[in-house]
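For the sequence shown, the tail end lands on 183 under our numbering, and the numbers increase by one without skipping.
Simulated crosslink set (BS3-like; lysine-lysine; CA at most 30 Å straight-line):
no.	residue 1	residue 2
1	K109	K90
2	K109	K16
3	K80	K109
4	K90	K28
5	K18	K109
6	K80	K16
7	K69	K109
8	K69	K18
9	K80	K69
10	K80	K28
Have a look at the derived ranges for each label pair, beta carbon to beta carbon:
no.	residue 1	residue 2	range
11	I14	E46	41 to 49 Å
12	L68	V144	20 to 28 Å
13	Q134	N158	38 to 46 Å
14	I14	G65	19 to 27 Å
By construction, these hints were calculated from the structure, which means they are not laboratory data. Backbone N, C-alpha and C define an ideal beta-carbon position, used for all residues, glycine too.
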Amino acid sequence: MIIKQKVVDLMNAQIKSEFSASAQYIAIAIYFDEAALPELAQFFYRQSEEERGHALKFIHFMLETGAKPLIPSLPEFKNAFESPAEAVQFALDQEMKVTDEINNLVTTAIAEGDHTSNQFLQWFVTEQVEEVDTMTTLLQTIQHANGNMLLVEDFVLRNPQHAGAAEGGAA
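From just these sequences and the hints, can you work out the full model?
Structure representation (structure tokens):
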């Protein structure tokens, strides 16, 4: 194994985080589907696939470096939301948590002298900037729409860079 055990342990925790985010985004997509907001639903279904891709990216990296990836059990998910803003705020909070986890992984890789993992993780650092920006913009758009969710649907349709299309090939 060419990566450090502390990093392996954190990567296995990150796999759980990524798969959890994927499942949570499906729950959010269902909320928007049930609310007859198909563009937002599709946005979150795409986000779910993206998060699954992130988990797979970790798994493949670990296998390539001789580490053993572990597939975790997943926690309960939030399935009910009071408003579209609450659902997107929940997603934003989740992305902020993942950002902290990725930063902790980088810090650990550097502290352990694990340059291989540090290099691999830089893609995720950049990705998290995009993810937080996307969710922040979506939340602000919902707030500016003052309850007119058709404006938000139109925004998601017209702005693929803020609709999960900015993903740069995670898999």
